[in-house]
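**Student:** Note that the protein sequences, when read in sequence, are chains A and B.
Sequential numbering of the first sequence, starting at 316, is according to this note's numbering.
Sequential numbering of the second sequence, starting at 1157, is according to this note's numbering.
What the hints contain is simulated information worked out from the structure, not anything from laboratory work.
Here the structure is a predicted model, which is why all the values come from computation and not from measurement.
Take the hints with a grain of salt, since some may be wrong.
[Unchecked claim] Simulated crosslink set (DSS-like; lysine-lysine; CA at most 27 angstroms straight-line):
#: 1; chain 1: B; residue 1: 1165; chain 2: A; residue 2: 367
#: 2; chain 1: B; residue 1: 1310; chain 2: B; residue 2: 1165
#: 3; chain 1: B; residue 1: 1386; chain 2: A; residue 2: 461
#: 4; chain 1: B; residue 1: 1310; chain 2: A; residue 2: 461
#: 5; chain 1: A; residue 1: 513; chain 2: A; residue 2: 524
#: 6; chain 1: A; residue 1: 524; chain 2: A; residue 2: 367
[Claimed, not checked] A few chain B residues that don't get close to chain A, going by computed Cβ distances all over 12 angstroms:
#: 7; residue: 1308
#: 8; residue: 1323
#: 9; residue: 1354
[Stated by the list, open to error] Some chain B residues near chain A, calculated using beta-carbon distances under 8 angstroms:
#: 10; residue: 1195
#: 11; residue: 1197
#: 12; residue: 1336
#: 13; residue: 1364
#: 14; residue: 1476
#: 15; residue: 1478
We treat Cβ as the ideally placed atom computed from N, Cα and C, and that holds for glycine.
Given next are the chains, with one letter for each unit.
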Amino acid sequence: MNVFAATPPEQLQRELNYYRRECNDLGARLLRLQEEQSQAFREARRSRTTAKLVREAYRLADGAASAGEIGAALLDVILDNAMCDRAAFLSETEPGSGRFLVTHAVGMAAEASPWPVVIVNSPAFFFTTSQTRIEPPAYELTGILKLPYILWAYDRASGHALILGNRSESNVSRPFEPGDQELVEGALSVYLDVLTRKQAELALRRARKIAEETVQATAEFLASVSDALRSPLNSIIGCSEKMASGSRYPLSIERCAEFADHIHESGNRVVGLINGILQYSSFAKVTLSLAPDWRPLSEIVGAAVSAGAALGEKRHVQVESEIAPAPLELHVDPTGFGQVLSTLVEAAVRASPVAGRVAVSALLCQDGSLEIGVQGAGIAGAAAAWEEETGEAPAGMEDLSLPIVRALVEGHDGQMTLHAAPAQETVATIALPAHRVRMAAATGPALAGPALSPA
Amino acid sequence: MLLAFCGGKHDPQAVLSAFRAHFGNIPIVGGSAAGALVNGACGYSGLEIAVAAIFDPALVPQVLAESGLETNEQETGRRLGARLARTATDQAAVMLLFDSVARSAPLQLHPASEVVRGVTDGLAGRPVRLFGGGTLTDMNLSDAWVFDGNTVRKHAVVALVFPPQIGAEIVILHGCRPVSTFMEITRIDGAEVFELDGRPALAVIEQMLGLPLGGSQGQDLSLIATLGEKQGDPFAPYEESAYVNRLILSANRAAGSITLFEPDFARGTRVQIMARDNGLMLDSVRQGIAGLNQVIAGRETLLALYIDCAGRASARSGAAVEEADLVRTLLPPALPLLGFYSGVEVAPFDGYSRPLDWTGVVTVLCRMP
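With the rest of the complex left out, here is chain A (with noise of 0.2 angstroms):
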């Protein structure tokens, strides 16, 4: 039986618009469902970031070779995790000075600022949203990924900051909110721990090179200094053996007079070594102990020239500086970084025939990174190096501090190179990496500046 024959057409018309509305209504219904299931997805995914960027963090902590490099991978893993546009991490020029430098920037190709912000009174978390007024410190935050909506995280302790932006407020861009707090201090708080883990690693590897190249040198320095002991010791036994009473050795005046000059200058040359030793002892213990702090370069390097200028006045040796007045600082261990300087100075005035010059000059290379070279007829190490390369006897070699001077420019994370060639002037170049050199009136890195000398 055809059951649609016998049902009168409005009553028809009332069923199918029954089932119509109630097709709806569920289907309504089903949507919504699926809208709430997928929106609980898209909120647990973004719990879930937290959790990647800290396995992700640590991974990258594990592989990287440096603490420079830990933020550039981060700020991709928090881009890959946030679906943020842009993302930066911040450092303070000075903890609480309100100045902030971007360290690390990603998917901002040339655009990010290579000068400080300034925000004021910066605040521990923050965002905007298309209802933020464009206020402090809105308008300073928005301006570092020159992005209207950010979210911000700073720690205050230790001077860093993280920021991320996009360029909408849409499907995926959604407009952040006070719940992603979570997520910028939990990514802030994951990068400052594998950075400080890095430090800390790197600083016990250079530590443990330091030991071990102490150790080295400790061992050739104490070989070095049995040899050099020897021979004015057997002279100051011979002489005053053929001198005490009871020698059958026939002594002339004359004789003992050449005998007692010889015992003199070999006891002077004992006590030169033992300096040499307690010189030795103290840079090795200054080398383990570096308190770097922002000094400016002319008054580092005006204190070595003026030690090496007093010790030149006695052989009429120039020692000069040819820096210009730019207002560079260095990030360095006042003591440790001085001694430096002072030793290769004074072994370059040692060195240098009466009259000679020595001089001191620094270079600022496009990357920010400086290189001070100091300039002399003869400086220790070069000597040194000169001496393997020949096997000549080195002019003013009595001490053995180049292991300990290059010790201490690597433990400012700088190299030192020598350049040395028979009867020419030799230079040891100390360079020294951006991070450790700033403008002082800009107080940031003195990226690109102008030679201040030429080396």
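We have chain A; now place chain B onto it with these hints.
**Tutor:** Just chain B now, with coordinates in the frame of chain A:
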């Protein structure tokens, strides 16, 4: 030749220069991508670069490119189609790429339906296996560009015409199901639908969702619902491949309208509101790839290309499983895979190639027997 898809956070000129420096002066075709995938990974951070290289000169496709989408999408497509008709052999595999975003403020897309209609007109009956997609720089539809073989272009459409010894096996992966009865579009202008069954279209959608929409929230619509047109018998049992879906781009509260991604629906078109169904999407991937694997079994496969609607990424769809991950793990591991997240997909459907929304188009290039 290089096929390259590049996340939108990269400077395309810098990427092109890097390719040139490394690979020399070879053709580079592709474009921006909201995300990319290869056999080993997929992602959509905007930092991905996915590349496939075609070494055998006999397999390298010819590259045709036309500019002018900013002026007239259909006419630009028609010019390309006419060149295709002269270049392509019958049933040649042709990959079509164009930049989806015409301008970002206010957002305006290059409608794929216009481009494809133009290409079809220009082909003048030449049968080709046309597939491809519209590129995006990110999932927020910020921008788009293409590599045309030589340089970076905007408002351009590029075709890769594969030689006759290469065939294309194509499968379309879906994931939407109807959640309403049929409704008739009673007022429409281009892509802007004003009325459904005589009522303001936005009000109808809002009633379905139980949410007031409008303003910036209008963009959220594309996350939730689409309008679908069922092909063939409207009362035949549900079959996912019977639907052409159109994503909702924006809503206009003042006009009570919604704007679709494509302007190819007309007054009188009967549509249903479609819900994206993540479970259905993943089932479609499993079934579609299984079927494809059967088709290509025993054949010499060269390259798999996956053009995946950006809306299917789990960050947008909310799917618990990354759909693209499922695709790459289900395809044969020895088959090289290159894919990108797109704004629109183009594939042969119901007898001819047309633009599709919220689909994944898998194409396996095989050597013809």
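**Student:** Would you check the hint for residue 1310 of chain B and residue 461 of chain A, treating anything up to 27 angstroms between C-alpha atoms as holding?
**Tutor:** Holds, at about 24 angstroms.
**Student:** Is the shortest C-beta separation between residue 1364 of chain B and chain A less than 8 angstroms?
**Tutor:** 5 angstroms, holds
**Student:** For the pair we were handed, residue 1165 of chain B and residue 367 of chain A, check the Cα-Cα distance against 27 angstroms.
**Tutor:** 22 angstroms, holds
**Student:** Using Cβ atoms only, decide whether residue 1336 of chain B comes closer than 8 angstroms to chain A, and label the hint accordingly.
**Tutor:** 5 angstroms, holds
**Student:** Using Cβ atoms only, decide whether residue 1195 of chain B comes closer than 8 angstroms to chain A, and label the hint accordingly.
**Tutor:** 19 angstroms, violated
**Student:** Please check whether the beta-carbon of residue 1308 of chain B is more than 12 angstroms away from every beta-carbon in chain A.
**Tutor:** 15 angstroms, holds
**Student:** Could you check if residue 1478 of chain B really has its C-beta closer than 8 angstroms to a C-beta on chain A?
**Tutor:** 10 angstroms, violated
**Student:** Does residue 1165 of chain B sit within 27 angstroms of residue 1310 of chain B, going by the straight-line distance between their CA atoms?
**Tutor:** This hinted pair holds, its Cα atoms lying about 16 angstroms apart.
**Student:** Does the CB of residue 1476 of chain B sit less than 8 angstroms away from some CB of chain A?
**Tutor:** Result: holds, 6 angstroms to nearest chain A Cβ.
**Student:** What's the verdict on residue 1386 of chain B and residue 461 of chain A, does the C-alpha distance respect the 27 angstroms limit or exceed it?
**Tutor:** 46 angstroms, violated
**Student:** Over 12 angstroms to the closest beta carbon of chain A is the bar; see if residue 1323 of chain B clears it.
**Tutor:** 36 angstroms, holds
**Student:** Against chain A, does residue 1354 of chain B hold up as non-interface, every C-beta pair farther apart than 12 angstroms?
**Tutor:** 15 angstroms, holds
Checked against the numbered hints given earlier, this structure breaks hints 3, 6, 10, 11 and 15; the rest are met.
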